[in-house]
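Peer 1: One line per chain: the protein sequences are A and B, in this order.
Going by our numbering, the first residue of the first sequence is number 219, and it counts up by one from there.
Going by our numbering, the first residue of the second sequence is number 219, and it counts up by one from there.
These are computed hints drawn from the structure, not numbers from a lab.
Computed from a prediction, not measured in an experiment: that's the story for all the values here.
Yeah, the Cβ is synthetic: ideal placement off N, Cα and C, and Gly gets one too.
Careful, some of the hints might be misleading.
Covered, in the sense of this in silico footprint (three residues per stretch, anywhere, with C-beta under 8 Å from a C-beta of chain B), are these stretches of chain A [claimed, not checked]: (1) 443 to 449; (2) 570 to 576.
Derived pair list, reagent style SDA-like, types lysine to any residue, alpha-carbon separation capped at 25 Å [to be verified]: (3) A/LYS483 - B/TRP385; (4) A/LYS483 - B/SER431; (5) B/LYS483 - A/SER431; (6) A/LYS285 - B/VAL432; (7) B/LYS483 - A/THR415; (8) A/LYS483 - B/LYS483; (9) A/LYS483 - B/GLU387; (10) B/LYS483 - A/ALA388; (11) A/LYS483 - B/VAL384; (12) A/LYS483 - B/MET413; (13) B/LYS483 - A/LYS360; (14) A/LYS483 - B/THR414; (15) A/LYS367 - B/VAL432; (16) A/LYS360 - A/TYR346; (17) B/LYS483 - A/TYR346; (18) B/LYS483 - A/ALA381; (19) A/LYS372 - B/ASP412; (20) B/LYS483 - A/ASN411; (21) B/LYS483 - A/VAL384.
There are 2 protein chains.
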Amino acid sequence: MTRWPDRRILDLFGIELPIIQAPMAGATTVDMVVATARAGGLGSLPSAQLTAEGLRKALSEIRAAVKAPINVNFFSHILPPDDPAAQTRWRALLAPYYLEAGLDPAATVAGAGRAPFDAAFCEVVEEYRPEVVSFHFGLPDKALVRHVKGTGAKILSSATTVAEAVWLEANGVDAVVAMGFEAGGHRGNFLTNDMTTQVGTMALVPQVVDAVSVPVIAAGGIADGRGVAASLMLGASAVQVGTAYLFCPEAKIPIVHTNALAQAKDDSTAITNVFTGRPARGVVNRLMREIGPLSEAVPAFPTAGGALAPIRTAAEAAERDDFTNLWAGQAANLASWIGAEALTRELCRTALEVIEHRRPV
Amino acid sequence: MTRWPDRRILDLFGIELPIIQAPMAGATTVDMVVATARAGGLGSLPSAQLTAEGLRKALSEIRAAVKAPINVNFFSHILPPDDPAAQTRWRALLAPYYLEAGLDPAATVAGAGRAPFDAAFCEVVEEYRPEVVSFHFGLPDKALVRHVKGTGAKILSSATTVAEAVWLEANGVDAVVAMGFEAGGHRGNFLTNDMTTQVGTMALVPQVVDAVSVPVIAAGGIADGRGVAASLMLGASAVQVGTAYLFCPEAKIPIVHTNALAQAKDDSTAITNVFTGRPARGVVNRLMREIGPLSEAVPAFPTAGGALAPIRTAAEAAERDDFTNLWAGQAANLASWIGAEALTRELCRTALEVIEHRRPV
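Given only the sequences and the hints, what does the whole structure look like? Please build it.
Peer 2: Laid out in structure tokens, this is it:
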């Protein structure tokens with residue numbers, strides 16, 4: 219059995235392997251969480267696109283399938299005030315795409331569909347007591363955090379800068395995810411909105427390690443054993459891997475997303491706000507090219523998504539990825555088409571091999 | 219004596235340590251190259267701000283001081299055609315700064331001062347026969363490359379994407395520098411100008427390693443032994459370190475630059491084109507904030523610099539860094555104020571320590 223020299227995250231979460239499957243709202247399934255947990259990693263269930271009832275159902279299924287510790291993830295944004303003028307401008311910008319698809323630009327659209335952590339979600343946490351609760355976009359208000367901690371859960375959140383990591387530690391997290399610029403999906407930034415100064419994983423991880431005393435989890439651009447090994451050298455106690463799990467059969471993503479991942483090269487992605495109103499990394503597609511990748515015309519998170527849904531649905535029906543958020547990190551090209559349990563084990567097995575082979579003697 | 223498992227760069231260049239001191243035009247001195255070479259790393263002399271005669275003098279001094287192999291670096295851009303309209307627009311944009319400094323916005327300014335590799339430089343290479351010749355911004359024309367190779371020099375250039383690495387290998391380089399997004403100074407990009415898709419070191423290095431058969435040198439965000447150890451795990455055969463050498467007494471930089479480095483945090487830098495017309499990473503200052511960091515109003519590389527010189531000189535005289543290019547990577551905060559010879563050795567000593575301590579058993 220492997221003796222990992224840094225056991226801080228393993229002991230904190232009660233897991234066997236220093237691999238955290240990233241919570242990916244919409245794409246992560248119960249099966250993915252269960253498979254990761256079976257391998258000995260930390261499976262993470264995202265809740266941002268679930269209702270409290272949906273979360274209850276998913277947790278029941280997971281708890282019935284595995285005894286291992288799990289992580290439940292929540293977005294901790296504050297819903298913005300209604301801004302009809304911003305919505306009108308946004309819909310005017312999208313109108314040509316509606317017309318091109320034969321849709322009525324004035325049709326009513328659904329809501330945005332990204333729910334923040336709240337009292338209803340907190341009740342589910344108190345009921346199911348996941349061993350780890352992680353947040354994205356900082357932390358929810360102190361009273362809710364206290365409730366979560368009261369269940370015995372370890373608390374985790376993401377930092378994109380040293381300042382964010384220091385803030386998270388001061389506000390009670392048990393560990394920090396140092397989320398490098400390479401990472402796919404929504405950036406965790408919450409103290410800065412400046413995308414020109416976001417930090418790459420190689421530079422971010424050791425600086426976060428030096429700045430906080432809680433253990434650090436490296437994220438961003440890690441999709442194989444080399445990235446795992448490198449992260450441990452930088453001082454990370456574990457890694458969080460997202461994009462590589464999108465290649466697993468357990469991922470639930472549209473076929474256009476799978477196709478984009480299959481073709482993604484190192485420089486196929488960019489950070490964009492056009493899909494939700496917050497910056498996130500995805501494969502560059504038509505919407506990003508034509509109105510982004512970053513635009514001030516996009517309404518506040520998460521309200522941008524509603525008006526996109528009809529043209530996205532129409533495009534996907536025609537197998538076009540023009541309006542789909544094709545979340546991916548910069549290391550998609552390193553991933554393999556294997557199951558989530560095998561992936562979790564392989565990341566560790568190959569990391570150990572890499573360290574052994576590349577160790578000077 | 220340490221046995222490095224990957225000796226490809228060590229054997230190719232004839233050096234003892236897998237550390238390449240990055241050529242930093244303006245900042246790297248003869249003393250820095252000599253100190254790095256004495257430690258067993260590869261010292262790199264930049265030529266972009268030298269004349270052929272200045273290069274001759276520097277090489278004479280280096281050859282007199284050390285027997286170890288050295289690298290001479292050249293920019294391989296093509297000088298743009300005169301564009302008086304672009305210069306007029308640029309000077310109009312800068313005019314308020316001239317007036318603020320009590321300078322005449324219509325005064326004649328000096329040339330841009332970044333010279334590409336040419337026949338005159340090639341003669342110096344043939345005369346002094348540096349063991350390694352590196353280029354930035356792709357490669358010069360094939361005839362010149364042939365001349366350089368004819369001297370027995372190994373050829374090196376930087377890639378910011380896998381596509382650029384593949385191109386460089388196809389065009390005859392002996393090794394590739396995989397230059398991640400974190401790196402300070404001018405980006406090496408030459409097949410793309412799209413800064414939204416540049417790749418972080420953690421993601422770039424293994425993808426370049428997989429794509430080329432020549433050895434790969436990791437660069438970007440590496441300023442201590444952890445970064446060196448991590449880079450070796452990613453498959454790099456050596457690392458190139460820049461910013462950390464700016465903290466050495468052998469660096470020749472303005473006091474405002476030293477002060478900016480001393481205060482630089484992980485998120486203090488951005489990629490900007492406002493100083494030279496090409497994207498480069500530096501500490502964010504007034505000019506970057508007010509007209510950048512990336513602007514289409516900046517004239518073609520390297521012609522932006524001439525008009526900046528008078529306001530830069532005036533500001534520096536008042537100890538203000540408003541118009542100085544404060545080149546730095548994202549890991550400046552990891553650097554120490556030690557000499558270049560000690561730094562070169564320390565990077566390796568601490569890398570070995572890190573690998574030994576963080577190796578699972």
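Peer 1: Which numbered hints are broken by the structure, listed smallest first?
Peer 2: Hint check: 6, 8, 13, 15, 17, 19 fail, others pass.
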